[in-house]
Every structure is written in C-alpha cells, then in structure tokens.
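Could you build all of it, start to finish, from the sequences and the hints given here?
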Amino acid sequence: MLDDDRAMGLAIDQARLAADHDDVPVGAVVVGPDGTVIGVGHNRREADNDPTAHAEVIALRQASGHLGSWRLHDCTLYVTLEPCAMCAGALVLARLTRLVFAADDPKAGAVGALWDIPRDPRLNHQVQVTRGVRRDECAELLRDFFRARR
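So the sequence shown is residues 70 to 219, counted in our numbering.
Note that these hints are calculated values from the structure, not bench results. Every value quoted in this text rests on a predicted model; they were computed, and no experiment measured them. Backbone N, C-alpha and C define an ideal beta-carbon position, used for all residues, glycine too. Among these hints, one or two may not hold up.
As the list claims (entries may be wrong) - SDA-like cross-link-like pairs, simulated, lysine to any residue; straight-line CA separation at most 20 Å:
| hint | residue 1 | residue 2 |
| --- | --- | --- |
| 1 | 176 | 201 |
| 2 | 176 | 135 |
| 3 | 176 | 211 |
| 4 | 176 | 188 |
| 5 | 176 | 134 |
| 6 | 176 | 204 |
| 7 | 176 | 142 |
| 8 | 176 | 139 |
| 9 | 176 | 93 |
| 10 | 176 | 219 |
| 11 | 176 | 158 |
| 12 | 176 | 216 |
| 13 | 176 | 213 |
Unchecked claim - Restraint-style ranges between C-beta atoms, simulated for each label pair:
| hint | residue 1 | residue 2 | range |
| --- | --- | --- | --- |
| 14 | 209 | 137 | 34 to 40 Å |
| 15 | 215 | 103 | 33 to 39 Å |
| 16 | 190 | 118 | 25 to 31 Å |
Pasting the structure below:
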C-alpha cells in the first residue's frame, strides 16, 4: 500500500518524463481501491499536439480502462500541480474519491486557487482534497523548467 509521500514520488517521476519532450513537467498517478497503481500519466500536449493531453486526463483514462468503468470510486489521484478547470471537472465526472496535489497553481488552479470545482456543493459529486504533499519539490521542478526556457 502506498502512502501519500511515496505515491507523489511516482507522480514526480512521471513529471520528469514530460520535461523530456518539452512539455510542462506535470505528472499524475491513480491509486485504486486495493492500493495499487492503476493509471499513470504526464503532460503530452506538445508531444501529441492535443490540448486535452494533461497528466490527469491521461492517468484517469488509464485507470478507467484498468477498472473497466468510468466510475473511479475509492480511487485517489496524485498530481504534482493543482489541476486546471478541465481536469478538476474530470475528477468530479469520474466520481473520484480523493485528490492529492503538490504545488498550487495561482494562474490556472481550479482546486482552491481560482475556483474549487472538486468541492463545489452545487455539483453532484465532491472530491476529498489534500494539498501540499511534496509541494516544494514539485514547485522547484516547475521553476527549473520555465527558467530554462526564458
């Protein structure tokens, strides 16, 4: 069984893969009801020329395929950066139980920064949220990526 720190470490490994092909280094991992990894993803927008190829979406698709269901009850998504509005909406639609993210995203974050989609009581499902797991490490990975491109 993975704890939050170790699972976020796997998401960080995924984030580093994104940087290898000039995508923003964001990684995601879905842990299933039995505590095993059932989905992984990293940003592939640049690599695939796909605006929806965010780490979270890729990991959710893989997890759904693994379970044979779009409903991700009792699953946890670990992601290195606060999800955007698209990804936060996908978490709600997938009926994900829990989200754990590292770094805040003050420009596009939809889990507290600009909006709080996963916990919005007006929606038909709410997601439990834990923020800040390995925050500094993930923020530094993002800073290094953007610093090298300026």
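Now for the hints, and whether the structure bears them out:
no.	hint	result
1	176 x 201	17 Å, holds
2	176 x 135	33 Å, violated
3	176 x 211	13 Å, holds
4	176 x 188	19 Å, holds
5	176 x 134	31 Å, violated
6	176 x 204	16 Å, holds
7	176 x 142	29 Å, violated
8	176 x 139	29 Å, violated
9	176 x 93	14 Å, holds
10	176 x 219	18 Å, holds
11	176 x 158	17 Å, holds
12	176 x 216	17 Å, holds
13	176 x 213	18 Å, holds
14	209 x 137: 34 to 40 Å	38 Å, holds
15	215 x 103: 33 to 39 Å	37 Å, holds
16	190 x 118: 25 to 31 Å	37 Å, violated
In this structure, the earlier hints numbered 2, 5, 7, 8, 16 are contradicted, and the remaining ones agree with it.
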